[in-house]
Structures are given as structure tokens and as C-alpha cells.
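Q: Top line first, the protein sequences correspond to chains R and V. Following UniProt numbering from start to finish, the first sequence increments by one per residue and tops out at 241. Following UniProt numbering from start to finish, the second sequence increments by one per residue and tops out at 220.
Derived by calculation from the structure, the hints in this document are not laboratory data. Be a bit skeptical, because a hint or two may be false.
[As the list claims (entries may be wrong)] Here are the in silico distance ranges between beta carbons for each label pair: (1) V:Ala203 x R:Ala68: 30 to 40 Å; (2) R:His9 x V:Ile85: 55 to 65 Å; (3) V:Gly111 x R:Lys79: 31 to 41 Å.
By construction, the Cβ of each residue, glycine as well, lies at the ideal position given by its N, Cα and C atoms.
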Amino acid sequence: MSIEIKDVHKSFGALEVVKGVTMTVEKGEVVSVIGGSGSGKSTLLMCINGLEPINSGHILVDGTDVHARGTDLNKLRRKIGIVFQQWNAFPHLTVLENVMLAPRKVLGKSRAEAEAIAVEKLSHVGLAEKLKVYPSRLSGGQQQRMAIARALAMSPDYMLFDEVTSALDPQLVGEVLDTMRLLSSEGMTMIVVTHEIAFAREVSNRVAFFHKGRIHEIGPPAQVIGAPREPETVAFLKSVL
Amino acid sequence: MNYTFHWLPAFRALPDMLWGALVTLEVAVLSMLLGVFFAVLLAVASGSNYRVLRGAAASWIELARNTPALFQIYMAYFGLGSLGIHLDSFPALLAGITFNNAGYLAETFRGGLRAVPPTQLRAARSLGMGQIQAFRLIVLPQMFRVVFYPLTNQMVWAILMTSLGVIVGLNNDLTGVTQELNVRSFRTFEYFALAAVIYYLLAKLVTLSARLLAWRLFRY
């Protein structure tokens, strides 16, 4: 059980943003991906659940090749939850309906089952009081936690986080990080693209430093963040800390 | 001014006029249903990769929006007639207004679609929904809210446009009935004033029920 990324290349037109990335994330691991803007880290996440096609290489999720011709992406995505920088709440549905929708329509659960799951997940992220509210009435941090609950309601084996705190007001970052801390303490497998270096250091088993579309350095946080070997990593950490 | 108002005959004709109003509503509703259907096709064709389809859709939309509705109805009746396609008054009027509705609504739908951020579709797909499912459950409901009021306006406009049926010989809609009564009695002011009030009430009925419906539907 793992996500295996093998020599993945990805271009937008003439611009190559991912230039041969290889990395394996084992079940139960938390891997943080840090690096400057435009280093290709978010793009790689989109490639992992097939939201973006790749140009070459392979991504295997539990042995299934995500980008192979016959792969049922809709089915594969059930086990890979993703949370975006722009939380993407569905504005026309209440908080409860937002979280119930996919279990009902994708997994075919009954209304009662889906509601039970949704209530459980929303309580887990601290939104039990907001079930009947529309997302427009929530703060950014609450909307982001709702997005996490929405992904969790599919009982995914993996969770991908794409700079989930970057668009939040500073005072709202903490509550979202707390939710992610909770997940990691429960053993959720996570790939976390983030600019929160302290958080990455605290929760990750490994940290990958992305630079110009490549993994420049990868290893335990004590090494990559605590005692980086590459001059680019040193320079990056200096600029953000 | 030596005109003496005679309202009584006008009020006596009220039942006939109300039956006419029913025909008016019938044309308007049908033209909206057909208009929405063709507008969706036009909106899809506008975004197509086929040049011919794009061109055809663009011509329809341009003509519908930039020529008088009167001409569009005239063409459906007399224009097609000269080409050997003879439509009766009712279908000719219906075709003309449908043509007009579809042109306006196609643009409305295109705008509505653009108003829903593509990230919404992406978020839905990331939860394992298929393309069509995501479109139906996430994009369409949001788009519907954006196009709802323009759709209402077009419905009002369709009701008013039906009055043009009189030029292609329709005589049983509200304007047709009023015109027949007028020709028989020459109480022009009374009959047409009464007809205007009925058109006004029809239009108001549509706007008010739309407002009520919107209040029920769009709670967010």
C-alpha cells in the first residue's frame, strides 16, 4: 500500500513544471513538500489523483497506474482525498449537504448513512454546530475544515493537501493545522504541500524540498529542515523562516 | 374632445379576452420551453470545435438579438411561405418567438456557465464524481441561479412578443381577440386599454411568482 511516483514529467505547453520526480509514500506516512512558488509541487499533487495528465513517467496508487488508459479515475479518486488552497465549498449546499453529497452520489449510501458519516466527520473537524449553515456564513478556516471533512467522508486511504492554509487569514491558520495534526496522529497517510515549515517539521516523517521541478532534497525533517545539505534548501529555508 | 367612453361593452368582452390571454400564455410558455432547449444546443455549439457549428450558432444568436422580433415572426410566416414552407399563424408565431428566445437565452446560458468557477468542477471530480454527474449536481444548480432572473425577463418579453401574432393573422390570442372586437365596434381605446391591463397583470404574475420561487430556491 503506497503511492509510487516514478520519473514523472509534466508540462503546460512549452513550460515543463515537473522534471522527473521519483518518490514513494508508504501507507501511514506523512510527507511534506516544501519549496518556492512555481516549483511544481502543487502540480504534482494534481497529477497524483489524475486531475492533471502527465507527459511521461508513472504514478502508482496501491499498484494501480493512475494515468494508464484503462484506469477508472472516478473509482481511484474515492481513496485519494484532496483539499485545495481555495477550499471550493459548494455554495448552493449546506455544510451537511456538502459532506453528504459524495457518499450518497458516488458511494451510493442511503441518506441516513451519508448523514451519519457527514455528522461524524464534521464533528471531528469541530463543525458540529454548523450543519445547517451555508458555506457563505463560514469563515475561511471553517470552510477549509469543512473541505477536509468532505474529503474524509469518502474514507480515503490517502489525503493530499495543497497549500491549504495559504489563502487563510493568519489567525485562522492554526485551527486548520490542528485538524491536520489530528489526522496525522490517527495514522492518516498524507502528502502535504505547505509553506508552514514549523508544521512540516513537527508532523512529517519525511520532508521533500522541491526546486525547479525536481526533488532537491528529501529525508527526515531533522535533516532537511534542521540540517539541510543542499545550498538551495538552505537558501529557501532562510527566505521563509 | 368629443369621444364618449363606453366601458360596458369592453367589460362584457372580458371573458373572451381572458380566453385569448390563455392562448397568449400558451404561446409564451411553449416558446420558452423550446427556446431553452435550442438555447442549450446553441450554447453547446458555440463552444464546439467544429467551425460550421460555431458559425451557425453565432449567426442564429446575432440575428435573433440584432433584428426586430417582428421581422423574425414575419419571416417564419411569409418568408418561409415564399420558399414553399407554409406555416399556420400559431406555429409561425411560435417559431418566430422561439428563434428570438433561443438567441437571447443562449448568451444568458453562456454567461451563466462562465460564472461558475472551474475549480468547482475540479473539486467535484476530486470526490470521485463523473463529468456529467459533477456538472449536474454542482455546476448546473449554481448556473441556474445566475440565469434565473434573465430567464424571467425573457418570459415577460415572450408574453409581450406574442402580441405580434396579429400581423401573421393570429386571431385567438389576447391581441387577436382584442383586434377582432375593435374592428366590430371601434371602441379602440376601451378594448386595448383593457387588453393592456391584462398583459400587465400577466407580466406581473410572472415576475412575482419568479421572485417567490427564487426566495424558496436560493437560500444561500
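Q: So, for every hint listed, does it hold in this structure?
A: The hints, checked one at a time:
Between Ala203 of chain V and Ala68 of chain R, the C-beta spacing of about 58 Å breaks the proposed range 30 to 40 Å. Judged by the Cβ atoms, the range 55 to 65 Å given for His9 of chain R and Ile85 of chain V holds: they are separated by roughly 58 Å. For the pair Gly111 of chain V and Lys79 of chain R, the beta carbons lie near 37 Å from each other, so the given range of 31 to 41 Å is met.
Hint 1 from the list above is the single one not met by this structure.
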